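Enquirer: These are the residues of each chain, in order.
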Amino acid sequence: MNKHLPNSPLGFQQIQKKFSDAIRDPKAHSEVAGVDERHMNVYRELFFNNVEGFISGGFPVLMELLSKAQQTELVRDFFISHSCHSPYFLKISEEFLEYLLHCQLDFLPEFAYQLAHWEWMELHADVYQNTSENMPISKLNFEKDPVGMIESAWCQAYDYPVHQISAGNTCEAATSYLMVYRNQQLKVEFVALNPLSALLFQRLQDNQQLTADEILRDIATQQNMDINQVVQGGRQILQQWCDLQLLTLQSR
Amino acid sequence: MALQGSGLGLRRGMMEDLAGLSNQDVDFLEVAPENWIGVGGRLGKAFREFTERFPFACHGLSLSIGSSDKLDVPFVKDVKSFLDEHQIDIYSEHLSYCSHEGHMYDLMPIPFTLPAAKYVADRIAQVQEILQRPLIIENVSTYASPGQEMSELEFLLEVVKRADCKILLDVNNVYVNSVNHGFDARHYIQSIPSKYIEYLHIAGHYDEAPDLLVDTHGASIKSPVWELLQLSYDIHGVLPTLLERDFNFPPVNELMSEVNQIKHFQQEASREQTLA
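If you're matching them up, the sequences are chains F and L in order.
The first sequence lines up with residues 21 to 272 when you count with the numbering used here.
The second sequence lines up with residues 164 to 439 when you count with the numbering used here.
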């Protein structure tokens, strides 16, 4: 039938290469021996629509900023140029983020990666599987308790106010600290933080054994700020986070 | 534990609607492990509520048993942990491949050649070794047969005999392929030795053209497919049968009426077989 198809593993694997190429990149790989255009197109459409569904479902805000033609070009470029390693469907979003880091398409807004990361954070927080049973505390002793953040809380610094971007509202660059967390009712919430709160979050997340006040005094010293002022302001933030059930006790 | 009765494929989009489901409605549920491994939060909690109430089967999507890419051993180990954690014995996968130099997240037709059958059988053996469970292989819908050197049926039986594994017979896929590739669906079902068949799948498809059907799992089951289900019971005995519905979810009562139709055919076949 075809001299390129010897009776060896390599033979059928060569066909698989051609077939998968023809699905990923129809323009560059139009023909596969023994498969007509009409049947090849069934595969092309099924696969492309499937990937497009995952991307538009995972990144609705980013996709809405693009025209239909741009959306198609973006998904096609991802499908062709990025080799996905994860067998998990929920991780296609992570594969897409990785792709965006190196994406060369010039119609993407400069904040595209950061916006996509923000959209991904919401999914990540929603499905994250806790590795410990560390429960939040309902009351915090600032002077005695070695305090930390619950596992399902994240704080990320962005160069744009990505949480405010929508089709009608693109934005100027401005550093934004965004905390995303999953509450005890398993609902995902977010709060914009000021730089000091973001720093406090970081310190709590890394904390092993310091008390709340020790951390606050540390921050004040490090930032050359008034200790009493930082302790007073910091305690207020910590009280809010405690009320939101975001704080845990670290084992001392 | 072996499956019995009638089952339903559980999708995230139907979980809320199905929360009130009981063992009276459906005997077992089935999920793709790829959609649930490592998933916590509200989804993980909802899933656990189902696994505590129903027997489960797993029907994988990403194993890519026929792929040229290396077998993803860490992934197979994750599947094993998942099956162990939820005490699931049944794990089926597609006689297909969904990756080539990376995942493509949908199913492609393995060229039906003897070397491909040997290659796939070797990989099935490797997977069974890791899982410490049989791998049950499903016949898939196809729209093309690149590099074909034997029939789909010959290929399926060659793989199963070599790997000594079981078959998940999808009667909708048999019907779709019989139209797409012009073979006799009844002969296909009759030719599979009963001892290989572990359970059945049934689903709806989409008629793209008189000679081209697409296996969408997004519509109700068509009558020729119901007839093939009845034929399968007549030939192979009453086997556990699962309804797949992945898109265009209808109201629960509509889904349940298809599950009840399965039950009805099972009872009918069982009665006839007792009398015979």
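Among these hints, one or two may not hold up.
Stated by the list, open to error - Below 30 Å or equal to it, Euclidean Cα-Cα: the simulated DSSO-like pairs (lysine-lysine) are: (1) K111/F x K38/F; (2) K385/L x K358/L; (3) K324/L x K208/L; (4) K358/L x K243/L; (5) K426/L x K358/L; (6) K37/F x K208/L; (7) K281/L x K240/L; (8) K111/F x K37/F; (9) K329/L x K159/F; (10) K324/L x K358/L; (11) K281/L x K208/L; (12) K111/F x K233/L; (13) K208/L x K243/L; (14) K385/L x K111/F; (15) K281/L x K233/L; (16) K385/L x K37/F; (17) K358/L x K38/F; (18) K329/L x K37/F; (19) K111/F x K243/L; (20) K358/L x K281/L; (21) K281/L x K385/L; (22) K208/L x K111/F; (23) K159/F x K111/F; (24) K38/F x K281/L; (25) K88/F x K111/F; (26) K426/L x K385/L; (27) K37/F x K324/L; (28) K38/F x K385/L; (29) K233/L x K208/L; (30) K240/L x K358/L; (31) K47/F x K208/L; (32) K88/F x K159/F; (33) K207/F x K208/L; (34) K37/F x K233/L.
Unchecked claim - Quick look at which bits of chain L chain F covers, simulated, 3 or more residues with Cβ under 8 Å: (35) 169-183; (36) 223-232.
It is worth saying that the hints were derived from the structure and are not from the lab.
Computed from a predicted structure; not experimentally measured.
Glycine included, C-beta positions come from ideal geometry on N, C-alpha and C.
Enquirer: Now, for every hint given, state plainly whether the structure supports it.
Expert: Here is what the structure says about each hint:
Restraint check: the Cα-Cα separation between K111/F and K38/F comes to about 26 Å, which is no more than 30 Å; the hinted pair holds. Under the criterion of a C-alpha separation no larger than 30 Å, the hint pairing K385/L with K358/L is consistent with the structure, at around 27 Å. Annotation: proposed proximity of K324/L to K208/L is violated, straight-line Cα distance about 40 Å (limit 30 Å). At most 30 Å may separate the alpha-carbon atoms for a hinted pair to count; K358/L and K243/L meet this at roughly 25 Å.
The suggested pairing of K426/L with K358/L holds, with an alpha-carbon distance near 22 Å, which does not exceed 30 Å. Between K37/F and K208/L the alpha-carbon distance is near 40 Å, which puts this suggested pair outside the 30 Å criterion. For the suggested pair K281/L and K240/L, the alpha carbons sit about 23 Å apart, so the restraint of at most 30 Å is met. Between the alpha carbons of K111/F and K37/F the distance comes to roughly 24 Å, so the proposed pair stays at or under 30 Å and holds.
Pair hint K329/L plus K159/F does not hold up; C-alpha atoms about 57 Å apart against a cutoff of 30 Å. Using a Cα cut-off of 30 Å, the hinted pair K324/L and K358/L holds, with the two alpha carbons roughly 11 Å apart. Distance check on the hinted pair: K281/L and K208/L sit about 41 Å apart at the alpha-carbon level, beyond 30 Å; violated. Under the criterion of a C-alpha separation no larger than 30 Å, the hint pairing K111/F with K233/L is consistent with the structure, at around 19 Å.
For the hint pairing K208/L with K243/L, the CA-to-CA distance comes to about 20 Å; that is within 30 Å, so the pair holds. Using a Cα cut-off of 30 Å, the hinted pair K385/L and K111/F is violated, with the two alpha carbons roughly 35 Å apart. Taking the CA atoms of K281/L and K233/L, the gap is near 16 Å; set against the 30 Å cutoff, the hint holds. Between K385/L and K37/F the CA atoms are separated by roughly 35 Å; this puts the pair beyond 30 Å, and the hint is violated.
Distance hint between K358/L and K38/F is unfulfilled; the C-alpha atoms sit about 36 Å from each other, more than 30 Å. Only pairs whose Cα atoms come within 30 Å are accepted, and K329/L paired with K37/F is accepted, the gap being roughly 28 Å. Distance hint between K111/F and K243/L is fulfilled; the C-alpha atoms sit about 19 Å from each other, no more than 30 Å. In summary, the hint linking K358/L to K281/L is supported, as the alpha carbons are separated by about 21 Å, within the 30 Å threshold.
For a cut-off of 30 Å, the pair hint linking K281/L to K385/L is broken: about 35 Å separates their Cα positions. Simply put, K208/L and K111/F have alpha-carbon atoms about 19 Å apart, close enough for the 30 Å limit, and the pair holds. With a C-alpha separation of about 37 Å, the suggested pairing of K159/F with K111/F is violated against the 30 Å cut-off. A distance of roughly 21 Å separates the Cα atoms of K38/F and K281/L; the hinted pair therefore holds under the 30 Å criterion.
Simply put, K88/F and K111/F have alpha-carbon atoms about 24 Å apart, close enough for the 30 Å limit, and the pair holds. Proposed proximity of K426/L and K385/L is supported: the alpha carbons are some 17 Å apart, at most 30 Å. In summary, the hint linking K37/F to K324/L is supported, as the alpha carbons are separated by about 27 Å, within the 30 Å threshold. Proposed proximity of K38/F and K385/L is contradicted: the alpha carbons are some 34 Å apart, above 30 Å.
Proposed proximity of K233/L and K208/L is contradicted: the alpha carbons are some 33 Å apart, above 30 Å. Taking the CA atoms of K240/L and K358/L, the gap is about 28 Å. The hint holds against a cut of 30 Å. Proximity of K47/F to K208/L is assessed by CA-CA distance (about 44 Å); at most 30 Å being required, the pair is judged violated. Between K88/F and K159/F the CA atoms are separated by roughly 51 Å; this puts the pair beyond 30 Å, and the hint is violated.
A C-alpha spacing of about 12 Å is found between K207/F and K208/L, which places the hinted pair at or below 30 Å, so the restraint holds. For the suggested pair K37/F and K233/L, the alpha carbons sit about 14 Å apart, so the restraint of at most 30 Å is met. With 0 residues having a beta carbon nearer than 8 Å to a beta carbon of chain F, the segment 169-183 of chain L misses the requirement of three or more and the stated coverage is violated. A count of 7 residues in the segment 223-232 of chain L with a Cβ less than 8 Å from any Cβ of chain F is obtained; the coverage claim is therefore met, three being the minimum.
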